[in-house]
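A.B. asks: My request is simple: use the sequences and hints to build the entire structure.
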Amino acid sequence: MAETNINLAAGARSWRWQTAVLIGLVLLLAALPLLANMLGMPSLISLATRIVILAIAASSLNLALGYAGLISFGHAAWYGIGAYVVGILYRHFVSGEALLGLPIGSDQLLITLPAAMLITGLCSGLIGALALRTSGVQFIMITLAFAQMIFFFFVALKAYGGDDGLIIRRRNELPFVDLRENENFYWLSLLIAVVWILLLSRIVQSRFGAVLTGIRQSEPRMAALGIATYPYKLVAFILSGMGCGLAGALMANHARFVSPDMMHWTQSGEFMIMVILGGAGTLLGPAAGAAMLILLEMQLGAVTEHWQIILGPLLVLMILFWRGGLSGLWRQMMGTRHD
Amino acid sequence: MILLIEQILNGLQLGVTLFLLASGLTLIFGIMGVINLAHGSLYMVGAYAMAFVAMKTGSFALAFPAGVIAAGVVGIGVEYLVVRHLYARDHLDQVLATFGLILFFNQAIILVFGRQPVFVQIPESLSGSVQLLPGLKYSLYRLVMIGVGLASAVGLYWLITKTRLGMLIRAGASNRDMVRALGVKIGGLFTLVFGVGAMLAGLAGVMAGPILSVQVGMGEQVLILTFVVVVIGGVGSVRGAFLGALTVGMVDTMLRAFLPGMLREMMTGPSADAMSAGLSAMGVYVLMAIVLLVRPHGSAGAHG
Chain A
1 MAETNINLAA
11 GARSWRWQTA
21 VLIGLVLLLA
31 ALPLLANMLG
41 MPSLISLATR
51 IVILAIAASS
61 LNLALGYAGL
71 ISFGHAAWYG
81 IGAYVVGILY
91 RHFVSGEALL
101 GLPIGSDQLL
111 ITLPAAMLIT
121 GLCSGLIGAL
131 ALRTSGVQFI
141 MITLAFAQMI
151 FFFFVALKAY
161 GGDDGLIIRR
171 RNELPFVDLR
181 ENENFYWLSL
191 LIAVVWILLL
201 SRIVQSRFGA
211 VLTGIRQSEP
221 RMAALGIATY
231 PYKLVAFILS
241 GMGCGLAGAL
251 MANHARFVSP
261 DMMHWTQSGE
271 FMIMVILGGA
281 GTLLGPAAGA
291 AMLILLEMQL
301 GAVTEHWQII
311 LGPLLVLMIL
321 FWRGGLSGLW
331 RQMMGTRHD
Chain B
1 MILLIEQILN
11 GLQLGVTLFL
21 LASGLTLIFG
31 IMGVINLAHG
41 SLYMVGAYAM
51 AFVAMKTGSF
61 ALAFPAGVIA
71 AGVVGIGVEY
81 LVVRHLYARD
91 HLDQVLATFG
101 LILFFNQAII
111 LVFGRQPVFV
121 QIPESLSGSV
131 QLLPGLKYSL
141 YRLVMIGVGL
151 ASAVGLYWLI
161 TKTRLGMLIR
171 AGASNRDMVR
181 ALGVKIGGLF
191 TLVFGVGAML
201 AGLAGVMAGP
211 ILSVQVGMGE
221 QVLILTFVVV
231 VIGGVGSVRG
241 AFLGALTVGM
251 VDTMLRAFLP
261 GMLREMMTGP
271 SADAMSAGLS
281 AMGVYVLMAI
291 VLLVRPHGSA
301 GAHG
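So the sequence lines, in the order shown, correspond to chains A and B. Position 103 (the first sequence) corresponds to 103 in the numbering used here; numbering is contiguous. Position 36 (the second sequence) corresponds to 36 in the numbering used here; numbering is contiguous.
Hints are computed from structural coordinates only; laboratory data are not their basis. Among these hints, one or two may not hold up.
Claimed, not checked - Negatives, chain B to chain A, calculated, CB over 10 Å:
#1 29
#2 65
#3 85
#4 97
#5 102
#6 104
#7 128
#8 142
#9 155
#10 166
#11 170
#12 171
#13 191
#14 265
#15 278
#16 281
What the hints assert, rightly or not - Below, a sample of chain A positions facing chain B; criterion: calculated Cβ distance under 7 Å:
#17 122
#18 125
#19 129
#20 130
#21 133
#22 135
#23 145
#24 152
All values reported here derive from a predicted model rather than from experimental measurement. Glycine included, every Cβ here is placed at the ideal spot set by N, Cα and C.
C.D. replies: In structure tokens:
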């Protein structure tokens, strides 16, 4: 805290700097499709869309993992469930069949995205309520195990493709915007990502966010202050699950395909790597981490088909020697510290 | 009745395999405070080393020890190169670094052996079956597996409760810093425990090799089940790991054996089969949820 006071003046100056840099960054990202088309590399747009969507998931996981210190190894489940909501709704929209007697089915993005968030919120609430009865290493194991249970559930769900997954023939519709244009879908994803990350930043700066940080630093201390920590952790877990569900719903639209692979346990691991690469407990770190991991995978994939044999040890080295991730690097460059 | 006994034996066999993995995992966590995701990779290394030696020499008397030793050697190498530097880190760093190890091991195995599963025959001397009861014949190999697993459990119990090493292990689990302050070279103890855990994982892989297909990814499937065992049994407790492993082995086997029949009586058609496959795969996780509701810290407390 003392350090923060000393650095207050420098902090205010760098705060203005950072805001300017961020606005510039968003403008640059928004201009990316135009650049890609100009350079004659339209495939860049699809890559950028993927990164933006995964940035939503990583930022959401960061709320639980980076701020509240809840090491969830199962967030791919929420990502996958969000995607399946879009896939299943589309399936019923096409076939016109009822689901559990209700005339459910939609291809309207304004319905499917909130539905995906609602359902992942309910699921993560249920699993979170159970898993949060444990802490520490058991919490890691149990979130992994429950995610595996959900994975098996969808593998066995033959009515919706089982192992093979579901194909979504057309992207969801949005009034006035043609989402079949890749540029439009990219801009939409970017907009949603910016809004979601701004929302997360408001949450983190609120009293709620302060309590979460307090829980990460010392849960007994928070309890001694008279705060019941369980509801805070549960809400953080649910919000972070909903964000991953949102990302999954967008990814289902982007790839026009859903399968249990999306909730494979290695996907959960990748989300965690994104958060750590970028810097846990920082606002933009996870988004940068998502970009870094995807680009790294792509580069290594171009070198050899066995790129994981390089990525694995690289990851070990980064954990051992490069702490703080990208945002640590950024802070060194800007000459500031903030927690 | 015959079927039930047979399935109980199958459950026992899965249970001892899980125990071999869970005891190592829980010991390593209990003493060093490290969560090692690459434990499943050691199981895979054991199975592949066994398969490789069996293919080259045709001798199981060589292949079985080779698998166990390979897992132990790789385990000690992993401890020396990576895990040693993670003792002071938080669980998140441990999870991610050992996740990196999994990526490395899986890809290394693909590079050397390819993606195709390797099939190993059950050794000829153990390939027959035994008449246990009138009308009940059971595979000799699986019986030997159960026997070896139970013997390892007894051996581990003896090691932990009756030997000087076991005393240090128990002391290390309850207060690491005090053990160090009393002049025990704790680094060596850690390496030793990690090596023992790795060899137990290798033994599980070696024994499972001939009855499952040896393939990339076999480690992670069993690792996640092992986590369920450890959560049910209580983290850090070998006795809990034993009880948890047998429970999970039994429940999983019974559900897979009897749930399809029960569902088929209630509903008809292929949907019953698909559903029972899904439900029986989910069964152990539901069990874990129930245990958590009743006893959040597992059936046995820590350090049991």
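A.B. asks: Against this structure, judge whether each hint is valid.
C.D. replies: Structure-based check of all given hints:
1. Chain A draws residue 29 (chain B) into its interface by the beta-carbon criterion, the shortest separation being 6 Å against a cut-off of 10 Å.
2. Residue placement check: residue 65 (chain B) keeps its beta carbon more than 10 Å from all beta carbons of chain A (closest about 28 Å).
3. Chain A draws residue 85 (chain B) into its interface by the beta-carbon criterion, the shortest separation being 5 Å against a cut-off of 10 Å.
4. The Cβ of residue 97 (chain B) sits about 4 Å from the closest Cβ of chain A, inside the 10 Å cut-off, so the non-interface label is violated.
5. Some Cβ of chain A comes within 10 Å of the Cβ of residue 102 (chain B); the nearest lies about 7 Å off, and the non-interface call is violated.
6. Once the 10 Å rule is applied to beta carbons, residue 104 (chain B) is inconsistent with being away from chain A; the minimum gap is 3 Å.
7. For residue 128 (chain B), the condition that its CB be more than 10 Å from all CB atoms of chain A holds, with the nearest at approximately 35 Å.
8. No beta-carbon of chain A is positioned within 10 Å of the beta-carbon of residue 142 (chain B); the least distance is around 25 Å.
9. At the 10 Å boundary, the C-beta of residue 155 (chain B) stays outside the reach of chain A, the nearest C-beta of that chain being 26 Å off.
10. The beta carbon of residue 166 (chain B) is kept farther than 10 Å from every beta carbon of chain A, the shortest such distance being approximately 23 Å.
11. At roughly 19 Å from the closest C-beta of chain A, the C-beta of residue 170 (chain B) stays outside 10 Å, upholding its exclusion from the interface.
12. For residue 171 (chain B), the requirement that its beta carbon stay farther than 10 Å from each beta carbon of chain A is met, with the minimum near 21 Å.
13. Every C-beta of chain A lies more than 10 Å from that of residue 191 (chain B), the closest at about 18 Å, which supports listing it as non-interface.
14. Interface exclusion of residue 265 (chain B) from chain A stands, the closest Cβ pair being 19 Å apart, more than 10 Å.
15. Separation of residue 278 (chain B) from chain A is inadequate, the least Cβ-Cβ distance of about 2 Å not exceeding the 10 Å criterion.
16. Once the 10 Å rule is applied to beta carbons, residue 281 (chain B) is inconsistent with being away from chain A; the minimum gap is 4 Å.
17. A hinted interface residue such as residue 122 (chain A) counts as satisfied when its beta carbon comes closer than 7 Å to some beta carbon of chain B; here the least separation is about 16 Å, so the hint is violated.
18. Interface hint status for residue 125 (chain A): violated, as the beta-carbon distance to the closest one in chain B is roughly 14 Å, over 7 Å.
19. Because the smallest distance between the Cβ of residue 129 (chain A) and any Cβ of chain B comes to about 10 Å, over 7 Å, the interface hint for this residue is violated.
20. Interface hint status for residue 130 (chain A): upheld, as the beta-carbon distance to the closest one in chain B is roughly 5 Å, under 7 Å.
21. Because the beta carbon of residue 133 (chain A) sits about 4 Å from the nearest beta carbon in chain B, less than 7 Å, this interface hint is met.
22. For the restraint placing residue 135 (chain A) at the interface with chain B, the shortest Cβ-Cβ distance is roughly 9 Å, beyond the 7 Å limit, so the hint is violated.
23. For residue 145 (chain A), the suggested interface contact is upheld, since its CB lies about 5 Å from the closest CB of chain B, less than 7 Å.
24. For residue 152 (chain A), the interface hint holds, the least distance from its beta-carbon to any beta-carbon of chain B being 4 Å, beneath 7 Å.
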